[in-house]
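Residue numbers (the working numbering), protein chains in the order written: chain U, 215 to 567; chain A, 215 to 567; chain C, 215 to 567; chain B, 215 to 567; chain F, 215 to 567.
If you are wondering where the hints come from, they were derived from the structure by calculation, not from laboratory data. Treat the numbers as computed from the prediction; the structure is a model and nothing was measured. Each residue gets a CB set at the ideal place from its N, CA and C atoms; glycine is no exception. Check before you lean on any hint, since a few could be wrong.
Here are a few chain F residues that face chain U, going by a calculated C-beta distance under 7 Å [as the list claims (entries may be wrong)]: (1) Asn309; (2) Arg346; (3) Thr349; (4) Arg478; (5) Leu513; (6) Arg516.
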Amino acid sequence: MEIFVYRKGAEAVEEGFSAKDLPGLLADKTNVIWVDLRGETAEQAERAKDVLLNVFGFHHLTVEDCMETRNQPKIEAFPNYFYFVVHGIRPEETNSTNFVTKELDGYLGENFVVTFHIERFKSIKVVKQQIRSSTFVCQRGAAYLLHQILDQIVDMYMPIVDDFDNVINVLEGRVFQMKKSNNAILGEIMDLRRSVARLRRISARQLDVLYRISHGEFPQISENVLPFFRDVHDHLLRISDLAENYRDLVGSLFDIHFSVVANRTNDVMKTLAVLSSIILPLSLIAGIYGMNFDNMPELKTRYGYYSTLLVMVLVTIGLLLYFWQRGWIFQRDDEKGIVSKEEIHAETADPDL
Amino acid sequence: MEIFVYRKGAEAVEEGFSAKDLPGLLADKTNVIWVDLRGETAEQAERAKDVLLNVFGFHHLTVEDCMETRNQPKIEAFPNYFYFVVHGIRPEETNSTNFVTKELDGYLGENFVVTFHIERFKSIKVVKQQIRSSTFVCQRGAAYLLHQILDQIVDMYMPIVDDFDNVINVLEGRVFQMKKSNNAILGEIMDLRRSVARLRRISARQLDVLYRISHGEFPQISENVLPFFRDVHDHLLRISDLAENYRDLVGSLFDIHFSVVANRTNDVMKTLAVLSSIILPLSLIAGIYGMNFDNMPELKTRYGYYSTLLVMVLVTIGLLLYFWQRGWIFQRDDEKGIVSKEEIHAETADPDL
Amino acid sequence: MEIFVYRKGAEAVEEGFSAKDLPGLLADKTNVIWVDLRGETAEQAERAKDVLLNVFGFHHLTVEDCMETRNQPKIEAFPNYFYFVVHGIRPEETNSTNFVTKELDGYLGENFVVTFHIERFKSIKVVKQQIRSSTFVCQRGAAYLLHQILDQIVDMYMPIVDDFDNVINVLEGRVFQMKKSNNAILGEIMDLRRSVARLRRISARQLDVLYRISHGEFPQISENVLPFFRDVHDHLLRISDLAENYRDLVGSLFDIHFSVVANRTNDVMKTLAVLSSIILPLSLIAGIYGMNFDNMPELKTRYGYYSTLLVMVLVTIGLLLYFWQRGWIFQRDDEKGIVSKEEIHAETADPDL
Amino acid sequence: MEIFVYRKGAEAVEEGFSAKDLPGLLADKTNVIWVDLRGETAEQAERAKDVLLNVFGFHHLTVEDCMETRNQPKIEAFPNYFYFVVHGIRPEETNSTNFVTKELDGYLGENFVVTFHIERFKSIKVVKQQIRSSTFVCQRGAAYLLHQILDQIVDMYMPIVDDFDNVINVLEGRVFQMKKSNNAILGEIMDLRRSVARLRRISARQLDVLYRISHGEFPQISENVLPFFRDVHDHLLRISDLAENYRDLVGSLFDIHFSVVANRTNDVMKTLAVLSSIILPLSLIAGIYGMNFDNMPELKTRYGYYSTLLVMVLVTIGLLLYFWQRGWIFQRDDEKGIVSKEEIHAETADPDL
Amino acid sequence: MEIFVYRKGAEAVEEGFSAKDLPGLLADKTNVIWVDLRGETAEQAERAKDVLLNVFGFHHLTVEDCMETRNQPKIEAFPNYFYFVVHGIRPEETNSTNFVTKELDGYLGENFVVTFHIERFKSIKVVKQQIRSSTFVCQRGAAYLLHQILDQIVDMYMPIVDDFDNVINVLEGRVFQMKKSNNAILGEIMDLRRSVARLRRISARQLDVLYRISHGEFPQISENVLPFFRDVHDHLLRISDLAENYRDLVGSLFDIHFSVVANRTNDVMKTLAVLSSIILPLSLIAGIYGMNFDNMPELKTRYGYYSTLLVMVLVTIGLLLYFWQRGWIFQRDDEKGIVSKEEIHAETADPDL
């Protein structure tokens, strides 16, 4: 448990208080107090619970929710404070095929912020450093301090979320280049879809929370701090919009994978068909002259063998021409780019869809 | 029919009343009364109907709905009480490919809760044990007692719903590993989709019910009990969000199944094509020298046979090299992970989607 | 035209009135009057039109809508009455691959219900029998009488809608068992999709109508009759929810059909590939020893023939082993159920999606 | 420019006015005036612009919008009038694979309707004939006159929209019957999808316009004319609902096309596999006895040849039996309809989805 | 930094002011002032920041957002001004497979417009030319000046957005004509999908901004300027609707690509099957008469060879007839258009979907 107290006009944030100092500190409404509670061990959790229930007197349902770890992002108003759950990213574990979050519970009152978390939050560490090095944040009050924490948490999403686009790109490239049918890529696409689904769910719920915070629903947040929360809300909105887009694009990866495999099967089939179409007739010719009839005049002729070989060569050439004409062999790549811009425009009489 | 009565200030909940005691008990507004009715047998149902209509005077439409078993979750307000239908899970039958629910009907008045159900509810049994062992729940009033019942019912969903994720995972694994095309997996995916569809439908309707209950629409629920219902609502919201996600993921299972089959067909085709491409030309050579022309000089030469065998070997090697180059044979698995993180990032000039 | 009049306090509903009695009957606000008009023949339609316009003085637009048969369900308020269009099912024609509806137009005033329909409605017949046998319905007023009619109409949907689930099930079974690629099943799936689309459209619009009726928008319906309409609304809501689910499931039938065909193609390909892979090499061996070179020492040896046959057998066994190892032949069905529950749970570290 | 004036109580609509008469006519609020402007030629457009800006004094933005032809349906309120854009169908060009619309701009004031269009509108021609033949429409005022025009325009959609269903049906039939893989059908399905997309877009926006008009937002439309606009709105609603359905069904056409091709490929594969499976083993037998080993005792036997032929026949029969058993050959069509209704119902324990 | 000042009644816009003149100019509320700031270089950005913060006193959060380049379109109200972010298109880079935007930040106060952008905007250049050549725009006030800028920005989208339709058309054509399976087209479809996704995201957010501006939410925009913003809003609405349609159509491209490949695979398979079906039996016949049995009477007959050849020809003809009957060969294209309109209509008893 770490307690930070900023007394009005002070030059630095004070630390080193213990739970029993809290009632006194809270009584002075000009103080800005941040209590950061950890619940990593059972003992810590027990102590945190005690502080939340007995010192602050928070609704016991919210304290129970703190202790649990499977809540969705949410916000609940009470007469003198509100309780919220937000989700941060676990940066060391999370990547675009395994999107994992951790829970931060918290309370905001008139002159205090209480945060409770089981796992470490880099974002909280950053804010602690900020308030230790400058009183700027605390001067603006408890709500601004909370904004700072949420802002940090949401900012941690950004690189991960932007990375999704790269991952989709790279997977797309790998699908195009895969030589062998392999299920590993399919598994990765599925993992990606799962991650995007989680991201969508979490960011949509988180957006609800920030929408309510940033639209003036809670009296603990004064008018002049609202724009800061709206800023966080807008960042989340971007994340949520991107998640929606990613969903579409990941869905396309299945289509592409499938089409690439179909393309390759088509290639294989064509190779087999062309080869069979050429060899089988030749074999038939050879087979015919391998028959043991007594009366087969051609067999006796001097150039019968050579003529037969010649026929075989001619048949081969003929079939190659035929397949070339049908576009099955010796085909160059689709001439992409040949269709000039002008033609495109000329093609459409009514450009209105 | 079981009747539980908690008299204000009493140390324990009283039991053992019968229908004719109810009017007296209900008249005292400080009592908290829970009437739990079963409708398993026709006789029970008849008695329950009588109590609901004549003792409580509930709207006969709601009593008819109680007797039926095909209602959706719903809630209906009346001047002195509200009527609701919620669905619990049948835990012994339900699993992720067969999602089955059972109906609980109920009424909440100022000082009473009435529940009616045809099937057994483990959640109701649990609440009965709670109120028998402590008066804590009843002290908080009838609305809190109802909350306790609904909370138990919703909590029963959690393990089933979380299990869906596992089942999707396992099915995905089985699809990847299936050796033989089998329709059984397809049938299971379809069952899963059906279950998810039911879960979505039930949880969406149930969410409506709890939204209305928890947002203060009904005067039977006092302000200080609302947070508890909001808590149940939030749990259901998570269930409903997950159901939405599962729908997407189950849809992907079809895509994956299909791609896996396409991949395997591609493998089979390649094997066939490579083999035919090698054997057929060799057979042609053998066929040519199997012809019976009189004048085939090669046949007379001393090393003709050996040269022919050599040619066959060379053709084989040449074709193997060709197919190896095209990536059809001797291909290792897609080198996943080779594309380093740096390359991924270098690839994207504008990381903004 | 049938006219039913219930005079307050009467013991039975009176019948046998004609159009010219109506003004007098309507003037007495304590009467409950139901006028059921048919428009099967042109003459009937003409008479109905006359009654609607001149006796009741309904807005002529609504009378025109009555005469047409292609309206969507809708409701339109006028100062002293409201006009509605609802759709019933044609039970003899409708099944899940051909969903056909018929139109019922109607008006509700303070003390009258007017219904107009071109086709027969079983639901209307049922209500007529009810009011002939008992005055119960009429005692509750015109709005309750209307409720009775709508309730009957919506109830007729139920068996058809529930049947969809069976039909999807049966089609799924037939897809799994189809031996031959046949387009008939595809056509049936398409018909089903069409039916579900119609059901969705009709039930969504009908739901709007009943929502407006049942939420107290119209003064013709008194407070105490509203719960009955809400009950009808809830039944329709269930139908509408189910229609939404069916849409998903019917979409899956295409996926399944497609996968089943792909599976079977894969089986065929494997058979062909295995067979060719075994026979072609053997044929090559036979071909080689069928060559006519003078100098082929093996041909002269005593056991050359037998050794060759032995080699052929060994090659066959080798290839069979190879294909068995690759899982192409002698494969048993996917061992569904082998993955035990424990394994499933062990597999997932974080069960939260 | 055509000007129609109906003076209160007059027996016919007057025509033949010119732009300079308009101010006088408009000043008399009891007149009902319709000014129909064409903008086919530049000169016409110029004159129309002059009238709109200088005679009526409309907002110049709306006049600019009139001159453009790429507006969406929209409606914009101004103090004394409102401006609207709606889209009619070009009936001669439009069919279900090429959905083309044309723009009608207009204004409604207290006693005037102004319409502006570049292309001919059959619907406007029809309304002109109506008001020439009877003063009925004009007696009801300018708003009713506008209703008449919009009603005609929306009615023109109906046959086209209903035709979509037929076209989908016919395309479905052609997909089932196509013998040869042809891309033409795919192109038509794509055109259809494009048309449905346009129809959806236009009808959704048009619906917005009519919703606002018909819900009493504009003071130019008196209470008693609103039902007429609501009627037009309901017609559009049906169009918009159908467009939504068509979207689904057109999507299914791709699924069906694809499945039909897959089915046919499967048939082809089976034919090839059965044939190869029968002929290749026979060829192997023939090949074996075509070998030139000196010591092949069978060759010397009297009935060796006949026994070999017999073996070939037996092998053929055996393989045919095998393939017949696997259901690859001699398969009758899927016995649709064999599954009786009773079985279907017996199959489902819980008919609730 | 460019400053444009229009003094009430002046004949031209004045330029050439510097930052220190601004306070004086702003103090006169009858002036219309436009300050256009660039942030291309760090130094420019620094100066712009200084002006925004110290001269105008804008909220520092908005100034930070100006400096960043990854904001979504948004709008934020402050007591005396509002701040907005909109996105323009980079016309030189953007095409339908690479949709790139650039950010414009701005502020609107009672008598000033401030714009900040890092990249060049052609639209801003155009507006500067307008106000230099005529005072018309400035006379209408700052809000109208802002409208002019936004209108130009939105107009730049139009050709790009309309071009999407062409690109989809052209890609569709290329898919139909592709001879060789190539992944390039798939890559382009994916790029297109990505672009459409971006367009949808940006235009949806931009629409929110313009909706709020154009519906009178901000006091800086007087009633009479609102229609101009609503006009911009309507243009964006069209863009946003089209983006929605494009999404559907691009999705169809995957379907089409896939079907085309499947079609071609089917063609290849049929060729292979027909060829094998004809050659293999002939080869078998040749093989049989190539056997070396001593006792094969046919071999001795005079016309044995010729009869065998004849049999081969007959078998060939028979098989060709068989395949022609099954529709595998010599098939003409699907007779599109043969199904006459009349037949289509006759086919459908109930045209109502």
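Status of each hint after checking the structure:
Checking F:Asn309 against chain U: minimum C-beta separation of about 9 Å lies over 7 Å; hint violated. For F:Arg346, the interface hint is violated, since its Cβ never comes within 7 Å of a Cβ in chain U; the closest pair sits about 33 Å apart. Proximity of F:Thr349 to chain U is violated relative to the hint, the smallest CB-CB distance being about 35 Å (cut-off 7 Å). Proximity of F:Arg478 to chain U holds as hinted, the smallest CB-CB distance being about 6 Å (cut-off 7 Å).
Hint status for F:Leu513: holds, given a least beta-carbon distance of 5 Å to chain U, under 7 Å. The interface hint given for F:Arg516 is met, as the beta carbon of that residue sits about 6 Å from the closest beta carbon of chain U, less than 7 Å.
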